[in-house]
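Peer 1: As you go down the protein sequences, you meet chains A and B in turn. Heads up, the first sequence stops at 291 in the numbering used here, and the numbers go up one at a time, no gaps. Heads up, the second sequence stops at 291 in the numbering used here, and the numbers go up one at a time, no gaps.
Among the hints, a few may not be true.
The list cannot tell twin chains apart, which means a pair is met if one copy fits it or any two copies do.
Taking lysine to any residue and the SDA-like style, the derived pairs with C-alpha atoms no more than 20 Å apart in a straight line are [to be verified]:
hint, residue 1, residue 2
1, 227, 53
2, 227, 29
3, 227, 174
Just so you know, the hints here were simulated from the structure itself, not pulled from any lab data.
Protein chains: 2
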Amino acid sequence: MLPELEAILHRVRADRLSGASALAIGVCDPLRGLCERLQGMSAQKDLEEFAQALVRVQPNMGGIWNLANGILHRSADVSSVASFCGSMSLHCASASVRIAEVVASEVSGRRIITTSSSSAVFHTLVKASGERGTSVIVCESRPMREGILMARELGRVGVSVTVIADAALALFSSDASVAIAGADAVNRSGIIGKIGLAHLAMACDSRNMPLLVLADSSKFAPISLSKDLRDPSELLEPGTPGVSAENRYFEHVPFEHVSAIFSEKGRLSSEDAQRAVWGAKVHPKLVQKPQ
Amino acid sequence: MLPELEAILHRVRADRLSGASALAIGVCDPLRGLCERLQGMSAQKDLEEFAQALVRVQPNMGGIWNLANGILHRSADVSSVASFCGSMSLHCASASVRIAEVVASEVSGRRIITTSSSSAVFHTLVKASGERGTSVIVCESRPMREGILMARELGRVGVSVTVIADAALALFSSDASVAIAGADAVNRSGIIGKIGLAHLAMACDSRNMPLLVLADSSKFAPISLSKDLRDPSELLEPGTPGVSAENRYFEHVPFEHVSAIFSEKGRLSSEDAQRAVWGAKVHPKLVQKPQ
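Chain A with its partners taken away, still in its complex shape:
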């Protein structure tokens, strides 16, 4: 594989903090540049290998899957891959802002609870904070603490934000009136999201509180949750005899625990979401083995 493609894969594999949109942009922009430089040459085999490897290194991200699928469908023509990457990058950069325009009015003036970090959630909270009374509770989101990173960004732009421990979500959810979370993928049966999403959904179920999931259309993909074990040393100091750690970043929440899904097109029912997933034209090289 071309060393530039290897380098992109390496970065995607090593990135433990970026949300799905930032990660997709981080692939699209350099890949577009590379394909423009390859104008007139053939790179089909490299691009196919790259697309398949991309899905293996981030198997739970719908945006990455759609990017890989799009590359595979166009791999015979590098200039077509370049323009696809350009439009996907533009889509990812703007979709969060468009989702925020749709969702902000649903949460404005309320005490909102969320977990982890998502660019769509970030833009929504910033937009909603214009209205008096809006405030946010964010879970720390161990092991990588990306909830703290988002809280800092929110605080910096003047959103009223309180950080809590992940284990305190059940307690603090009684202070909130609505929960929102970003999605990494929407599949045929529900949402794949950062670890803690199921925990948030349970709190919502038990308090009869709405859970709004934000997922731009690039995240709808026919993928199943992959076990994808991460570095155990993020949870447990290495060299702890007799103890192991299971470190998973993603989990799946069925549609019945989600009150509404919002993409840049507006509010979707679970039937709308399922239709979008079934509509994907899956390249044969991405067909999953049954799990």
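Following the hints, complete the assembly by docking chain B onto the known chain A.
Peer 2: Below, chain B without anything else, positioned relative to chain A:
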């Protein structure tokens, strides 16, 4: 107040890791020594002040409340306080082992999920691990990570133990068939336990999995959950502009979310538990203001 009493209070206030039993023993042993040295002298006013301050510095621990209540009832006679402390220390040291004898057979051979750290849970898991097939999932338990500390001790003595992030409890609870947790207090309406207990109870409710709570009889006390905010810097690096952290160590779970309570006397119904709490002879200096 006598400097020895101030020193005990200071230690109790600063201790963020010990479970309820270890903390009670850490008060009883030095207090007994002090009262033995004070033989024949009066220290009633100091002991009363000490007992009231003790409850203020650890307002959510039933064992501390019972210790303070016992001291107040005997404060006129230092030798009586000394012998009370002696028997309370003995009780706390042995009750966990006796609870383990009762509970181990309930969880032996199963995959058990727990959170935080408790001496009764520790002894139960060690005893249960004698039977083939027993294994344990322990939540990290941020902010102080006492779940990791307990996991290390369990691993050291050969218990099969896996550590997970707190936010992964919903996901991993589907691997377990029973949940156990220690209590810091049993009050008239339920259990006060370490933050994460409500989260565990929610997972049990949603998966129809039993939640066994271990609480020796010294923990039954007519106290209400106190807000008791802890150092926010345990969650959020100091100097983070625009963001605050709410760090609470304890929460309350009503009896209806608990399958069974076990003390050293065996399995208790919630009615048994309530009777034990109502039976406490509350010293007037400990009567709580209505909350």
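Peer 1: A separate judgement is required for each hint: does it hold in the structure or not?
Peer 2: Evaluation of the provided hints:
For a Cα distance limit of 20 Å, the shortest separation of residue 227 from residue 53 inside one copy, 16 Å, qualifies, whereas the shortest one across copies, 50 Å, does not. Taking the closest pair of Cα atoms, residue 227 and residue 29 never come within 20 Å of each other, the shortest separation being 28 Å inside a single copy and 49 Å across copies. Proximity of residue 227 to residue 174 under the C-alpha cut-off of 20 Å is restricted to the inter-copy arrangement: shortest distance 14 Å between copies versus 31 Å within a copy.
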